[in-house]
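Engineer: As a plain string of letters, each chain reads:
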Amino acid sequence: MKQTPKISNTYTLGSVEQGAECCEPIPHFSIRDLAVSYNQKTVLSNVSLDVYKGCITALIGPSGCGKSSFLSTLNRLSDMVPGAKVTGTIEFEGQSTLANNYDVESLRTKVGMIFQNPNPFPLTIRKNLELPLRERGIKKKSVLESKITSALKEVGLWDEVKDRLNVSALSLSGGQQQRLCIARALVLEPSVLLMDEPCSALDPISSGVVEDMIRRLAGRYTIIIVTHNLAQARRLANYAAFFWMKERVGKLIEFGQCQPLFESPQHSLTAAYVSGERG
Amino acid sequence: MINRLFTLLIWGLASCVLFAFGWLMVDVLVQGVPMLSLDFLTSDPIRSGRAGGIYPIIVSTFLILGVALTIVLPIGLGSAIWLCEFSNKDSKIVSTIRLSLDVLAGVPSIVFGLFGYAFFCGFLELGFSILSGGLTLACMMLPILIRTTEAGLAAVPNEWRRAGAALGLSRTTLLWRVLIPYAAPAITAGLLLSIGRATAETAALIFTSGYVDRMPESLADSGRSLAVHIYDLSMNVVGGDKAAYGSALVLIMFIVSINLLANALSESWMQKRVSRQ
Amino acid sequence: MTQSAGLLIQLSHIKKRGVDDWLCLFLSGLMGLTVLLLLLIVAFLILEAWPAIHGDGWRQFLRSDGWYPLEGKLGLLPMFWASIAVGVGALLVALPFGLGSAVFIAYYAPKVIGKPFAGVITLLAGVPSVVFGLWGLTELVPLVNQWHPPGASLFTAIIVLAIMILPTISLTSYSALLALPTQLQLNSAALALSKKTMVVGVLIPAAWRGITVGVLLAIARALGETLAVLMVAGNVVQMPTGLFEPVRVLTANIALEMAYATDNHRAALFASGLMLMFVVFLIALGASKLSKKEMSPI
Numbered sequence: 001m002k003q004t005p006k007i008s009n010t011y012t013l014g015s016v017e018q019g020a021e022c023c024e025p026i027p028h029f030s031i032r033d034l035a036v037s038y039n040q041k042t043v044l045s046n047v048s049l050d051v052y053k054g055c056i057t058a059l060i061g062p063s064g065c066g067k068s069s070f071l072s073t074l075n076r077l078s079d080m081v082p083g084a085k086v087t088g089t090i091e092f093e094g095q096s097t098l099a100n101n102y103d104v105e106s107l108r109t110k111v112g113m114i115f116q117n118p119n120p121f122p123l124t125i126r127k128n129l130e131l132p133l134r135e136r137g138i139k140k141k142s143v144l145e146s147k148i149t150s151a152l153k154e155v156g157l158w159d160e161v162k163d164r165l166n167v168s169a170l171s172l173s174g175g176q177q178q179r180l181c182i183a184r185a186l187v188l189e190p191s192v193l194l195m196d197e198p199c200s201a202l203d204p205i206s207s208g209v210v211e212d213m214i215r216r217l218a219g220r221y222t223i224i225i226v227t228h229n230l231a232q233a234r235r236l237a238n239y240a241a242f243f244w245m246k247e248r249v250g251k252l253i254e255f256g257q258c259q260p261l262f263e264s265p266q267h268s269l270t271a272a273y274v275s276g277e278r279g
Numbered sequence: 001m002i003n004r005l006f007t008l009l010i011w012g013l014a015s016c017v018l019f020a021f022g023w024l025m026v027d028v029l030v031q032g033v034p035m036l037s038l039d040f041l042t043s044d045p046i047r048s049g050r051a052g053g054i055y056p057i058i059v060s061t062f063l064i065l066g067v068a069l070t071i072v073l074p075i076g077l078g079s080a081i082w083l084c085e086f087s088n089k090d091s092k093i094v095s096t097i098r099l100s101l102d103v104l105a106g107v108p109s110i111v112f113g114l115f116g117y118a119f120f121c122g123f124l125e126l127g128f129s130i131l132s133g134g135l136t137l138a139c140m141m142l143p144i145l146i147r148t149t150e151a152g153l154a155a156v157p158n159e160w161r162r163a164g165a166a167l168g169l170s171r172t173t174l175l176w177r178v179l180i181p182y183a184a185p186a187i188t189a190g191l192l193l194s195i196g197r198a199t200a201e202t203a204a205l206i207f208t209s210g211y212v213d214r215m216p217e218s219l220a221d222s223g224r225s226l227a228v229h230i231y232d233l234s235m236n237v238v239g240g241d242k243a244a245y246g247s248a249l250v251l252i253m254f255i256v257s258i259n260l261l262a263n264a265l266s267e268s269w270m271q272k273r274v275s276r277q
Numbered sequence: 001m002t003q004s005a006g007l008l009i010q011l012s013h014i015k016k017r018g019v020d021d022w023l024c025l026f027l028s029g030l031m032g033l034t035v036l037l038l039l040l041i042v043a044f045l046i047l048e049a050w051p052a053i054h055g056d057g058w059r060q061f062l063r064s065d066g067w068y069p070l071e072g073k074l075g076l077l078p079m080f081w082a083s084i085a086v087g088v089g090a091l092l093v094a095l096p097f098g099l100g101s102a103v104f105i106a107y108y109a110p111k112v113i114g115k116p117f118a119g120v121i122t123l124l125a126g127v128p129s130v131v132f133g134l135w136g137l138t139e140l141v142p143l144v145n146q147w148h149p150p151g152a153s154l155f156t157a158i159i160v161l162a163i164m165i166l167p168t169i170s171l172t173s174y175s176a177l178l179a180l181p182t183q184l185q186l187n188s189a190a191l192a193l194s195k196k197t198m199v200v201g202v203l204i205p206a207a208w209r210g211i212t213v214g215v216l217l218a219i220a221r222a223l224g225e226t227l228a229v230l231m232v233a234g235n236v237v238q239m240p241t242g243l244f245e246p247v248r249v250l251t252a253n254i255a256l257e258m259a260y261a262t263d264n265h266r267a268a269l270f271a272s273g274l275m276l277m278f279v280v281f282l283i284a285l286g287a288s289k290l291s292k293k294e295m296s297p298i
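Chains as they are written, first to last, in my numbering: chain A, 1 to 279; chain B, 1 to 277; chain C, 1 to 298.
With the rest of the complex left out, here is chain A (with noise of 0.2 Å):
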């Protein structure tokens, strides 16, 4: 099923139509009109886009324009900023999630979040991957080492971790971190991914092993992902959404397939911050 965004004045739609090699174009989530304020302050305003079931999708732009916003509108977390008020509609396997009586923790535990600071808990290994499993009521013992072992896996950090798991968390390195706080989204099984900057903060090494992961894990999850790393954009990403602030207020002004949006931008700005003339 092919579905086109609506067409508004304010962004150019690249190719979209073909759908990327890798997965099918079902939009996820389908976002419209979404404009974000803090204390009546408008900070992003008249985004509308699809994103695709089992894609990566990266989110350009320079900083300050709206990026990071726009990704916690879609767990919700920009319920935790106070002043924040968040307008337009977010369809997430058809329901409006930005309606009242949404069902908050159950959205978020299908769609997990990835920070750009490695924020693990002040707690063992193994208790930070337990904490969201038992808050979910799974208690069992073997279910519980079941899925911590699975999820450390998927994420490459098992054979490193796997004789301590009850030493600190905190001990770890950097890019561990990182990776133990993909693991600790992923044992709740969800279907998104949003990982805010994830590599920014590791240095290059980690970074590279924690960019292979978010490839690995690419088809299975549909992964959102904020970066200013043009080529690190480039080398993951299906889809790319291009943001960028006018008149203090940031916009998308174009969204379509990764490639054709770095080799042949339909918008002037797109084409100057992609070149590295702008931003």
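Keep in mind that a hint or two might mislead.
Claimed, not checked - Every beta carbon over 10 Å from chain C, so not counted as near; a handful from chain B, in silico: (1) 188; (2) 217; (3) 265; (4) 268; (5) 269.
What the hints assert, rightly or not - Reference excerpt, derived from the structure (chain B facing chain C, CB under 10 Å, subset only): (6) 83; (7) 155; (8) 196.
The hints are simulated quantities; they were obtained by calculation from the structure and are not laboratory data. In this text, a Cβ means the ideal position worked out from N, Cα and C, and glycines have one as well.
Once you have looked at the hints, place chains B and C on chain A.
Structural biologist: Okay, now just chains B and C, sitting in the frame of chain A:
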């Protein structure tokens, strides 16, 4: 030249401070240590405390503290957690509450004494009793405890709250499993400091827990705290100075060890925070 | 995910949300208790003081014929001025020593001395006021008595109180100095300023907000101190005219007379307590304004 003089001045001022401290400490030690014995700690005072020991006074002190802590711990910790984790920080009411707590933390203890005397002893008809004294102390400790606990919780990195929310954890779980364990040393340090202040307190207790120096039979009985004992011995009992210094030494040792413990806790906590980065 | 697991999640979910709501309710209940207690304290003090302050009642505190509660003469002025004299005097004495020792720890002391010295100050901050009183009464008063009888006087009170509030000034000034960016020191050194000029001309002015907060807290503590002052000040109700005259401060007055005061006399004592509270309120307001400004970037 001027620079040299200034350096000299600073060293001079510092040594004056050290001298005053040394004088006070040596005085308390020289006069207090000879009094100190197991007998002093475990026997009743004789002739208004001129002779004998301070056993009932120590018991009363701990009873008063116990009453105060029983009241202040749940209310104080609960209020602090609410202020830090559940309140809307921008609201006018919350900032008014904060300011009121700051004011209350600075209110002279004698004013708490007045309130306790009028309200607990008089209005609630508890009379001069350990209960009245403990409740008055609780009022005094409350603002300090709330503010230190809140500061401890506020210092917990916000990213864990976001991580918890992103994992769909309830706030209860997050608080119980992550935030409170992490902030525990800071919260304990704050608690210890307020216990130290409460133990040192005299003015708020004279008119609430009373003067009686015998062993209290119940919480409704009057009981004399260590600080009140020192005051009474030095002001009202001729020849009580020696015993006063003995009691002062006991009181100082107790408070100093509590403060040292509090410092060690908060220092180790600071180190934990630094090493995390 | 299987259907049953999904259902499990739904169920535990509903339970957890309940837990959150209950916790919030419970905690706000406790907060409510705290607020209630705050209001109760203020309300009760006002209620008790009411007979003495309602209508024109408060004017009687300003009368000049002194404090003779048994004759109905309730002039608080001598004690008010005594409180101010003791407080200001103690502050004037404590400020150079407190600030000096903060500067000492921050910039002058070698590491082996600085740390224990800071420990001494912290220890001093923890000494109970009644011990200061005891020490003042048995050591300082006889000493001053030899020099200027009777010994128990405004002067003795100032000295004892100064030592008591010194740690407050010292510790807050020290943390204010410590919070300054190291850039300031580097810049001063690059300009070839002498250490004295750097400290007096650059660092102390840069930290003035924090230092002022410390001074305000110290004033609040000085005005509120009861027993240490009561034990060494002599407690004669009179205008503070000489440094070596005995005086009685407001707090000591409450402590001395509360036990037997009745009716209007009692209400007058509560009124003086209320007055102390109001002064502390103004000071706390000032301190919170100052420290709030400190946090926001200029």
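Engineer: All the hints need checking, so say for each whether the structure fits it.
Structural biologist: Consistency of the hints with the structure:
1. Residue-level check passed: residue 188 of chain B sits 17 Å from the nearest beta carbon of chain C, beyond 10 Å.
2. Distance to chain C confirms residue 217 of chain B as a non-interface residue, since its nearest Cβ pair spans about 23 Å, more than 10 Å.
3. The claim that residue 265 of chain B is not at the interface with chain C holds, since no C-beta of that chain comes within 10 Å of its own (minimum 14 Å).
4. No beta-carbon of chain C is positioned within 10 Å of the beta-carbon of residue 268 of chain B; the least distance is around 16 Å.
5. The beta carbon of residue 269 of chain B sits about 16 Å from the closest Cβ of chain C, which is more than 10 Å, so the claim that it is off the interface holds.
6. This hint holds: residue 83 of chain B has a C-beta 7 Å from the nearest C-beta of chain C, less than the 10 Å allowed.
7. The closest approach between the C-beta of residue 155 of chain B and any C-beta of chain C is roughly 14 Å, which is over the 10 Å cut-off, so the hint fails.
8. Using the Cβ-Cβ criterion of 10 Å, the hint placing residue 196 of chain B at the interface with chain C is satisfied: the shortest such distance is roughly 6 Å.
Comparing the model with each earlier hint shows a violation of hint 7 alone; every other hint is respected.
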